[in-house]
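*Asks:* In case you want the letters, here they are:
Protein chains: 2
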Amino acid sequence: MSATPPRHAYNFCAGPATLPRPVATRIREEFLAHAEDGASVVEISHKGPRFAGILETVETLFRRLCALPENHHLFFMHGGARMQCSAVPLNLIGRSTTRTAGYVETGLFAQQASREGARYGTAKTVASSVATAFDRIPSVRERDCPQDAAFIHLTSNNTVYGTRWNTFPRDLPAPLVADATSDILSRSIDHTQFGVVYAGFQKNLGPSSMALVTVRDDLIGQALPRTPRLLDYAVQAETRSLDNTPNTFAVFVLSLVLEWIRDQGGLASVERSNEAKAGLLYGELDRSSFYRPTAHPEHRSITNIVFRLADDSLTGEFVALAESEGLFGLAGHRTVGGVRASVYNGMPEDGVRALAGFLREFERLRG
Amino acid sequence: MSATPPRHAYNFCAGPATLPRPVATRIREEFLAHAEDGASVVEISHKGPRFAGILETVETLFRRLCALPENHHLFFMHGGARMQCSAVPLNLIGRSTTRTAGYVETGLFAQQASREGARYGTAKTVASSVATAFDRIPSVRERDCPQDAAFIHLTSNNTVYGTRWNTFPRDLPAPLVADATSDILSRSIDHTQFGVVYAGFQKNLGPSSMALVTVRDDLIGQALPRTPRLLDYAVQAETRSLDNTPNTFAVFVLSLVLEWIRDQGGLASVERSNEAKAGLLYGELDRSSFYRPTAHPEHRSITNIVFRLADDSLTGEFVALAESEGLFGLAGHRTVGGVRASVYNGMPEDGVRALAGFLREFERLRG
Numbered sequence: 001m002s003a004t005p006p007r008h009a010y011n012f013c014a015g016p017a018t019l020p021r022p023v024a025t026r027i028r029e030e031f032l033a034h035a036e037d038g039a040s041v042v043e044i045s046h047k048g049p050r051f052a053g054i055l056e057t058v059e060t061l062f063r064r065l066c067a068l069p070e071n072h073h074l075f076f077m078h079g080g081a082r083m084q085c086s087a088v089p090l091n092l093i094g095r096s097t098t099r100t101a102g103y104v105e106t107g108l109f110a111q112q113a114s115r116e117g118a119r120y121g122t123a124k125t126v127a128s129s130v131a132t133a134f135d136r137i138p139s140v141r142e143r144d145c146p147q148d149a150a151f152i153h154l155t156s157n158n159t160v161y162g163t164r165w166n167t168f169p170r171d172l173p174a175p176l177v178a179d180a181t182s183d184i185l186s187r188s189i190d191h192t193q194f195g196v197v198y199a200g201f202q203k204n205l206g207p208s209s210m211a212l213v214t215v216r217d218d219l220i221g222q223a224l225p226r227t228p229r230l231l232d233y234a235v236q237a238e239t240r241s242l243d244n245t246p247n248t249f250a251v252f253v254l255s256l257v258l259e260w261i262r263d264q265g266g267l268a269s270v271e272r273s274n275e276a277k278a279g280l281l282y283g284e285l286d287r288s289s290f291y292r293p294t295a296h297p298e299h300r301s302i303t304n305i306v307f308r309l310a311d312d313s314l315t316g317e318f319v320a321l322a323e324s325e326g327l328f329g330l331a332g333h334r335t336v337g338g339v340r341a342s343v344y345n346g347m348p349e350d351g352v353r354a355l356a357g358f359l360r361e362f363e364r365l366r367g
Numbered sequence: 001m002s003a004t005p006p007r008h009a010y011n012f013c014a015g016p017a018t019l020p021r022p023v024a025t026r027i028r029e030e031f032l033a034h035a036e037d038g039a040s041v042v043e044i045s046h047k048g049p050r051f052a053g054i055l056e057t058v059e060t061l062f063r064r065l066c067a068l069p070e071n072h073h074l075f076f077m078h079g080g081a082r083m084q085c086s087a088v089p090l091n092l093i094g095r096s097t098t099r100t101a102g103y104v105e106t107g108l109f110a111q112q113a114s115r116e117g118a119r120y121g122t123a124k125t126v127a128s129s130v131a132t133a134f135d136r137i138p139s140v141r142e143r144d145c146p147q148d149a150a151f152i153h154l155t156s157n158n159t160v161y162g163t164r165w166n167t168f169p170r171d172l173p174a175p176l177v178a179d180a181t182s183d184i185l186s187r188s189i190d191h192t193q194f195g196v197v198y199a200g201f202q203k204n205l206g207p208s209s210m211a212l213v214t215v216r217d218d219l220i221g222q223a224l225p226r227t228p229r230l231l232d233y234a235v236q237a238e239t240r241s242l243d244n245t246p247n248t249f250a251v252f253v254l255s256l257v258l259e260w261i262r263d264q265g266g267l268a269s270v271e272r273s274n275e276a277k278a279g280l281l282y283g284e285l286d287r288s289s290f291y292r293p294t295a296h297p298e299h300r301s302i303t304n305i306v307f308r309l310a311d312d313s314l315t316g317e318f319v320a321l322a323e324s325e326g327l328f329g330l331a332g333h334r335t336v337g338g339v340r341a342s343v344y345n346g347m348p349e350d351g352v353r354a355l356a357g358f359l360r361e362f363e364r365l366r367g
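Chains as they are written, first to last, in full-length UniProt numbering: chain A, 1 to 367; chain B, 1 to 367.
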């Protein structure tokens, strides 16, 4: 390991995450690219033609890239995924006469969603992997779901524990709701399986504090009476996410991200690239017992690669030495420790190869 | 009026509004100014040292520039001012045994706040200027305020009608809450007069979809049981606005805006400049009867200069010709028509002089 400064810098932070470099460059070039009105994208009316064009690009491209069914609305809502933890029960739990919903417990953010759901009714845990330290995705059996559940909530990828759902449960007695914050646009999912899919922006979509939300149209219009206006899906549908000023900068960045995905050949190409990136890292980790990936092999995330060193006392040195090599943000979540490499769409293959090389080198030094 | 393209472009849009040019330039220069970790400001953890430094700058400078009392908290919350229309009653209306609050009706956004308040209890109109088409600020008499009101809500500047409060009511039976979206940081206000002040970002603070909220500490911790977690002031206080990922880009831009205000000599200097800019325009408008400012002279806004042409049929030509001269966004709000020049902090004096010249020129042509 040399003492000279690294030639590169790769950011493996779990989020807010690395944007694709071409997108970051376009932000700089186009943010202040004075249009005839002299205004940057954050200085124009959200009701004017320029922003309408950006929204149109985003809606058209997202629907096409994700094959979003026509009867699913697409909303941009304030507050990230966390605000949807409130919005989902506010909008849906009234569908259940007993105000009951089912939650699958697969980690920290799944628990937070459930706790927020409990504020509005009964949030029943229908399956959990807490007993195995969230190292896997539990099976959801129909008989464990309340028959009058308003919805069943799951987290499609778990950033802290590095697990993901490969296939989603079918034939449940209520619509599936997915928090897809950390894997949206990283892989194709079949939206017809879901009633609601929501995702905070700050991993694969753009800057933080917005959520992208898709809602099947029959689930709109049943919000509890005291639902804040901006959290009501019916208001979003009626105003097309323009009831007040949306996060115009985030929507602009999303338009660039979607154009980038289109230019990569679409979501299938991006997914193949993500599978290859994750495969390279898991391959290194599985080669010896020096590293210990924590997720069950069948449920491994392709966006958050979580592992420990067999000798835990080396973790601090691993993270610090990686930083000096230009590999940033590798410390595991503060609640679990260890190491986590977050490899979203924006992480180039070069960054993953650099990390793979570092894994080998560190094992050679300390193994 | 020449057919050659204008040499300048000034954006008088009511919001999202013009940023100070030095701020816009710094965004471009610093947004991607690769720090050692190679990440732009939207690609870093909100819990890391770099963003902590930005938050610290913002908190310190805002408190100093606005003389915010120590017992007032400063929050950054998702969703702009509109979300606060829900958050204010959710947090405060439980203080009233009858769940009653008072609202001063001074225009469109004041009405929206009141309608949202009515979702959580009784929203009593304690004063209104609806009878005079919102051309002035009504007096609020103590005897018109419910004795058990949880709060009295007002809108410190009314963008649609171009009015503002010069002095705020005193000796009311409940804490004052102000929506200061369109005049925050445009003038000094005495924060000791208010229980809560909130402001959407997109006029004088930065990019859209966040709100800056100041809350006196005795008003925290009384939220209704079903308050969404992210709208609860107690959660904001406990987590210092970091319960989930905030709008890191908006907070970054606000840090640049506050540094710009500091470098102008502080809020008093900025206020003098704003008074001078507004004075120049009102001077032109008052010179003849060709233009008709709509707000009562004592309640004229210094940020939104609203007027009609004596011959209303010339309005379309006025707006179009102004655009061809590089003066954009002058059409009045769609609900009232006429002309509106929004002159926030970011509008340079050159822009105001250009508009003043255009006012004279148009009158010469069509007067």
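To be clear, the hints were calculated from the coordinates, so they are not data collected in a lab.
Treat the hints loosely; a few may be bogus.
Distance condition first, Cα-Cα at most 25 Å in a straight line; then the derived DMTMM-like pairs of lysine to aspartate or glutamate [unchecked claim]:
hint	chain 1	residue 1	chain 2	residue 2
1	B	Lys47	A	Asp243
2	A	Lys47	B	Glu323
3	B	Lys124	A	Asp243
4	B	Lys47	A	Glu317
5	A	Lys47	B	Asp243
6	A	Lys124	B	Glu323
*Asks:* All hints are to be evaluated individually against the structure, with a verdict given for each.
*Replies:* Hints, one by one, checked against the model:
Restraint check for Lys47(B) and Asp243(A): the C-alpha separation of about 31 Å exceeds 25 Å, so the hint is violated. With a C-alpha separation of about 17 Å, the suggested pair Lys47(A) and Glu323(B) falls inside the 25 Å cut-off, and the hint holds. For the suggested pair Lys124(B) and Asp243(A), the alpha carbons sit about 24 Å apart, so the restraint of at most 25 Å is met. The straight-line distance between the Cα atoms of Lys47(B) and Glu317(A) is roughly 21 Å, inside the 25 Å bound, and the hint therefore holds.
The suggested pairing of Lys47(A) with Asp243(B) is violated, with an alpha-carbon distance near 31 Å, which exceeds 25 Å. For the hint pairing Lys124(A) with Glu323(B), the CA-to-CA distance comes to about 59 Å; that exceeds 25 Å, so the pair is violated.
Taken one by one, the earlier hints fail for this structure at numbers 1, 5 and 6, listed in ascending order.
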